[in-house]
Amino acid sequence: MENKEQGFVTIEGKRVPIQGEKNLLELIRKAGFNIVTFCYHPELAVYGACRLCLVEIEGMGILASCTVTPKDGMKVRVNSDEIRKLRRINLELLLSSGNHDCTLCSKSNNCKLQKLAKDMDVTEIRFKSKKLDSHKDATSPALVRDHSKCILCGNCVRICNEVQGIGAIDFAFRGFKSKIATAFNKELGESHECVSCGQCARVCPTGALMPNSSEIEEVFKAINNPNKKVAVHIAPAVRVGLGEIFGLPAGEPIDGKIATALRMLGFDYVYDTAFAADLTIVEEATEFLNRFKKGTNLPQLTSCCPAWVNYVEKFAPEFIPNLSTARSPMQMMGPILKADFEEKGGKREDLVVVAVMPCSAKKAEAKRGEFYVDGNPDTDYVVTTVGLARMIKEAGIDFVNLENEWFDMPFGTKTGAGVIFGASGGVMEAALRYAVAELDPENARSVKFSSLRESKVFKEKTVTIGDATIRVAVVSGLKNARKLLDDIKAGKSHYDFIEVMSCQGGCVAGAGQPQFEGWALRKTRAEGLYKEDTELAYKSQDNSGVQALYGRILDKIGGPVAHKLLHTHYKSKKYQD
Amino acid sequence: MTEKFAPVDKILKEHGCDPAKLIPILQQVQDLYRYLPEDVMRHIADKLEISPARVFGVATFFAHFAITPKGKHIIKVCNGTACHVKGSSFVINTVKDKLKLKEGQDTTEDGLFTLECVSCLGACGLAPVMVIDETVHGQITPAQAVKLIDEIIAAEAKHA
Chain A
0 MENKEQGFVT IEGKRVPIQG EKNLLELIRK AGFNIVTFCY HPELAVYGAC
50 RLCLVEIEGM GILASCTVTP KDGMKVRVNS DEIRKLRRIN LELLLSSGNH
100 DCTLCSKSNN CKLQKLAKDM DVTEIRFKSK KLDSHKDATS PALVRDHSKC
150 ILCGNCVRIC NEVQGIGAID FAFRGFKSKI ATAFNKELGE SHECVSCGQC
200 ARVCPTGALM PNSSEIEEVF KAINNPNKKV AVHIAPAVRV GLGEIFGLPA
250 GEPIDGKIAT ALRMLGFDYV YDTAFAADLT IVEEATEFLN RFKKGTNLPQ
300 LTSCCPAWVN YVEKFAPEFI PNLSTARSPM QMMGPILKAD FEEKGGKRED
350 LVVVAVMPCS AKKAEAKRGE FYVDGNPDTD YVVTTVGLAR MIKEAGIDFV
400 NLENEWFDMP FGTKTGAGVI FGASGGVMEA ALRYAVAELD PENARSVKFS
450 SLRESKVFKE KTVTIGDATI RVAVVSGLKN ARKLLDDIKA GKSHYDFIEV
500 MSCQGGCVAG AGQPQFEGWA LRKTRAEGLY KEDTELAYKS QDNSGVQALY
550 GRILDKIGGP VAHKLLHTHY KSKKYQD
Chain B
0 MTEKFAPVDK ILKEHGCDPA KLIPILQQVQ DLYRYLPEDV MRHIADKLEI
50 SPARVFGVAT FFAHFAITPK GKHIIKVCNG TACHVKGSSF VINTVKDKLK
100 LKEGQDTTED GLFTLECVSC LGACGLAPVM VIDETVHGQI TPAQAVKLID
150 EIIAAEAKHA
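Top to bottom, those sequences are chains A and B. Numbering that gives the first Met the number 0 puts the last residue of the first sequence at 576; the count rises by one with no breaks. Numbering that gives the first Met the number 0 puts the last residue of the second sequence at 159; the count rises by one with no breaks.
Everything labelled a hint here was simulated from the structure, so no lab data went into it. Where is the CB? At the ideal position from N, CA and C, for every residue including glycine. It is possible that some hints are incorrect.
[Unchecked claim] Restraint ranges, calculated between C-beta atoms of paired labels, are given here: (1) 37/B - 263/A: 48 to 56 angstroms; (2) 8/B - 85/A: 45 to 53 angstroms; (3) 518/A - 118/B: 46 to 54 angstroms; (4) 368/A - 8/B: 54 to 62 angstroms.
[As the list claims (entries may be wrong)] Below, a list of computed lysine to aspartate or glutamate pairs in the EDC-like style, where the Cα atoms sit at most 20 angstroms apart: (5) 313/A - 48/B; (6) 478/A - 38/B; (7) 176/A - 48/B; (8) 46/B - 214/A; (9) 185/A - 38/B; (10) 313/A - 38/B.
With the hints as constraints, model all of the structure from the sequences given.
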């Protein structure tokens with residue numbers, strides 16, 4: 000039905016078939032006119048506010064094409080004199096208010112407003128500027144808001160409402176005073192609703208909302224401090240995202256180049272978060288099998304996504320007993336590296352642990368009080384994928400032409416199960432690989448997981464091993480997760496194990512990754528992880544470094560030492576009157 | 000908690016907890032408290048199953064709603080076209096001076112008065128118009144405005 004032609008629209012004299020396009024703007028883009036817009040986002044509801052997709056439709060006049068349903072026989076002008084004039088005026092009006100000093104903005108080169116001004120060669124603004132809110136809100140460890148760069152397109156408001164189902168921010172005040180505000184205009188760090196997922200920053204066309212990058216400076220300082228050793232580890236999704244910034248093909252895993260670049264930056268130890276992901280699986284899947292056998296606290300909910308953990312604590316604390324107590328890979332890596340450093344005679348505070356993450360919420364996770372020992376954090380600094388690119392650029396490293404090196408041992412060893420953590424469905428697949436092998440070692444590779452790898456926000460699977468039937472679900476996007484929780488509460492859904500990732504498509508689509516729109520790139524990045532998986536060992540229990548760790552530091556799986564270092568606890572943070 | 004918001008819950012119930020009725024709900028709630036306190040807005044959001052940021056957005060969009068406590072007596076001076084032409088700015092400035100209101104401040108320190116400049120009261124024939132609480136005063140002069148305020152201050156002093 001979608002591909003059935005429903006007539007033709009004439010765009011700048013060219014006949015373009017309608018093939019299920021929801022609005023005229025999509026059809027215009029299909030015809031090859033890539034009009035840059037601010038408030039139109041393919042993943043969000045149509046808003047029609049930025050007025051940059053204005054077109055002239057014969058017999059209908061001038062309209063925002065994103066709000067028009069294409070109809071057979073429409074004649075559309077995209078670049079008439081009138082349209083060109085209006086589009087330029089609208090752009091100048093957007094530029095006339097606020098701070099658009101591109102050379103001093105972290106979003107430069109990746110900003111839609113800047114791109115459009117350049118494409119249209121806007122060299123002067125005819126309208127007098129009005130001084131606007133210049134307040135910069137850096138109170139959240141995850142995100143920074145700069146209202147002076149905001150053009151009020153509302154993308155952040157809509158993704159927070161429509162996709163995450165939270166509504167931490169909305170339009171407030173009126174006229175020149177209009178702004179995007181949290182409830183009661185609190186700083187983001189004080190917002191009761193924000194879970195730090197950062198999807199707002201992912202859809203922001205300007206530099207108004209960005210992951211907090213203040214820690215980069217501290218990382219450079221630690222590297223240059225002769226009294227400190229600095230360890231760095233990179234999350235799975237980073238290896239399939241970073242290359243895009245340097246013009247390398249999307250989705251191509253570039254572990255080797257990244258390891259080289261990290262050494263050139265001066266890190267003493269270069270590790271892979273996928274090692275800790277294997278460790279997470281060993282603990283979390285064991286925890287699941289125990290709960291499954293006893294039938295308690297099911298469905299078990301994964302806990303490696305920090306925005307999801309924030310969500311449960313703030314909005315669904317009744318599910319806290321269901322959350323896995325296993326820490327996220329990042330928060331397992333920190334204490335293990337520090338324990339290892341101490342075992343070798345070092346002092347905990349002399350090892351600085353830096354995590355490179357595709358995520359803004361990871362920054363907030365590292366700051367949680369329970370992840371500190373005597374004032375020293377398990378993870379000292381979190382840098383995003385984009386933040387690492389900035390460090391590489393600042394250091395003048397010719398990234399594209401780097402040779403491949405390998406991660407340091409033993410915390411650079413990993414299995415494919417640890418690598419696929421970065422995609423929605425990957426954590427569940429890794430956990431099931433572990434569980435199947437534990438329950439039926441003879442047929443460890445008998446289960447196929449293609450249904451968990453699809454580009455969908457909700458996936459489910461039933462695995463039968465001997466007389467055990469495990470029902471699992473994988474959900475991404477917090478609004479979808481909320482619906483699943485509601486269905487469970489209402490007794491409409493029954494699962495044993497559920498993986499939740501806050502970002503649709505998983506960590507590959509995190510706020511710390513290079514900015515993108517749509518599902519195609521999510522898929523490409525995830526495929527990169529599954530490709531790397533085929534070159535590695537299949538299941539987490541085969542990670543030799545992890546095995547050695549249980550002999551050396553951790554003792555028994557799920558034992559007291561493992562619990563101290565690798566597990567955590569949660570508490571209700573629900574708003575109380 | 001439930002008792003604290005019982006009168007609000009009554010209003011919410013009258014409107015069937017319908018988020019589409021947010022504006023009338025806020026109007027009635029504001030009549031109750033003379034402004035919209037934060038915890039009340041949170042409570043309304045919770046009951047209507049919308050985000051508190053949305054309630055705050057609506058409350059700050061309309062000039063009618065106040066998010067800080069309003070004074071006991073509300074003075075509205077019209078600054079619509081007709082009133083403006085007839086010199087309402089002089090009335091506004093005089094009242095501001097009289098009430099010792101600083102830039103951006105609309106409620107007096109003692110909480111007795113709130114001054115609101117409104118865009119039209121629909122009584123252009125009486126321009127310039129001032130409304131104190133529910134009483135309309137047409138063709139007002141700065142001197143008359145000061146006199147009316149003094150009368151209220153005197154009456155309040157007698158009460159106290």
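Hint check, failures only: Numbers 4, 6, 7 and 8, in rising order.
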